[in-house]
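Colleague: The two chains are supplied separately, each in an independent frame; assemble them into the complex guided by the hints.
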Amino acid sequence: AQSVTQPDIHITVSEGASLELRCNYSYGATPYLFWYVQSPGQGLQLLLKYFSGDTLVQGIKGFEAEFKRSQSSFNLRKPSVHWSDAAEYFCAGGGRRALTFGSGTRLQVQP
Amino acid sequence: NAGVMQNPRHLVRRRGQEARLRCSPMKGHSHVYWYRQLPEEGLKFMVYLQKENIIDESGMPKERFSAEFPKEGPSILRIQQVVRGDSAAYFCASSPLLAGEDTQYFGPGTRLTVL
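Sequences listed follow chains A and B, in order.
Mind the numbering: the first sequence is residues 1 to 111 in my numbering, read in order.
Mind the numbering: the second sequence is residues 1001 to 1115 in my numbering, read in order.
Bound-form chain B, shown alone (with noise of 0.2 Å):
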C-alpha cells in the first residue's frame, strides 16, 4: 500500500509565478489535509477537504491560495503570483473514513523555493 504521494518534490518559481502542488492521498483515504511549514518552525494546518468538498479552509491565506480535491484525481494546492514569503514545505496529509480512525498519514513535502 503505497503511502501519500507528493509532487513535485522540489519546485522553484519565480516572483509572479503559480505554483501548483500535487497530493495522492493514501489508498482508501477520502480526507486530504494541507499543511504548510516554514523554516525552523512548525507546521501549520491550512485546509481540509474530501472528495469535492472544502471542509475547513479557516488556515488558508485569503488571497492567492485555493485547493481543490476533485472526484478523479489528486488533490491540488494552487498558489498564484508568488511571492517570496511563500517559500516553504508544503506538506499533505490523508486519513480514512473510519469511526475512530484520525490519524494523519503524511506525505514527503512539496519544498517551494521563490526566487
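Next comes chain A alone, as it looks inside the complex (with noise of 0.2 Å):
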C-alpha cells in the first residue's frame, strides 16, 4: 500500500536557523511527491512538487527539497527560517488519482 510518513510531528527552530523537515515514502514506483504548507484556519499552498529528472527541486519561499531513492525520503529543507514560516507543512505522494499525505509536521519559530 502507498503511504507518506512524516516522523516529526512538531519542530521548533530560531529565527534564521536552518530547517530539515523529514517524509519518507512508501510506493511501488517513483511516485510524485509534493510538499504543502498550511497557516491555521487556511488551505493549502503548494511549495514544491517532484515527478521526475533533477532530485534537488527548488520552491516558492526559499525551500528547496531533496529526492532520495535510496533512502524512500524527500526531505524539505530551507536554510534560514523567518517567523512567517510557522505553520503546518505536508509532504503528499501520489498522482492523477489520490493525494496521499502524511501527518503533517507543525513548524514553530522561536524569536
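Pulled a few chain B residues facing chain A out of the computed Cβ check, cut under 8 Å:
1) F1045
2) T1103
3) Q1104
4) Y1105
5) F1106
6) G1107
Everything labelled a hint here was simulated from the structure, so no lab data went into it.
All C-beta atoms, glycine included, are put in the ideal place defined by N, C-alpha and C.
Modeller: Right under this line is the structure:
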C-alpha cells in the first residue's frame, strides 16, 4: 500500500536557523511527491513538487527538497527560517488520482 | 486566474440535517478531488471526479456521502443526516487535464461543525 510518513509531529527552530523536515514514502514505483504548507485556518499552498529528473527541487519562499530513492525520502529544507514560516507542513505522494498525505509537521519559530 | 473556490467557508449544521459543500475548480481544470481533514490530522482522500463522472470514490464513506461534478456549475459534496463525527475541514482540489501535469491545487476549505 502507498504511504507517506512524516516522523516529526512538532519542530521548533530559532529564527535564522536552518530547517529540515523529514518525509519518507512507500510506493511501488517512483511517485510524484509534493510539499504543501497550511497556515492556521487556511487551505494548502503548494511549496514544491517532484515528478522526475533533477532530484533537487526548488520551490517558493526559499524552500527546496531532495528526492533520495535509496532512502525513500523527500526531505524539505530551508537555509534560514523566518518567523512567517511557522505553519503546518504536509508531504504528499501520488499522481493523477488520490494524493496520500503524511500526518503533518507543525513548525514553531522562536524569535 | 482565480484559484479554487469553495463555499461556504464555514457551515454549521445540527445532527440529522444535510450539508452541501461547493467547489469551483480553477479555470481550465477538469479534475476535482475532495479531501477531509479531521482535527490534528492530515488530509484523507475521499473522491475524484471529472465532469459528469466519478472516477474514484474509494475514500468516500459508504452511506450518507455523495459527490457530483455536473457539466455546468460547481462540484458538490453532499452529506445527508450529518453526525458529530462529520465535523471536519473539507478541502477541494483541482488539476488540469494535461499530460505530465498532475499537480493538485487546493481551495481554502469548508469547515463543517455539527452541533
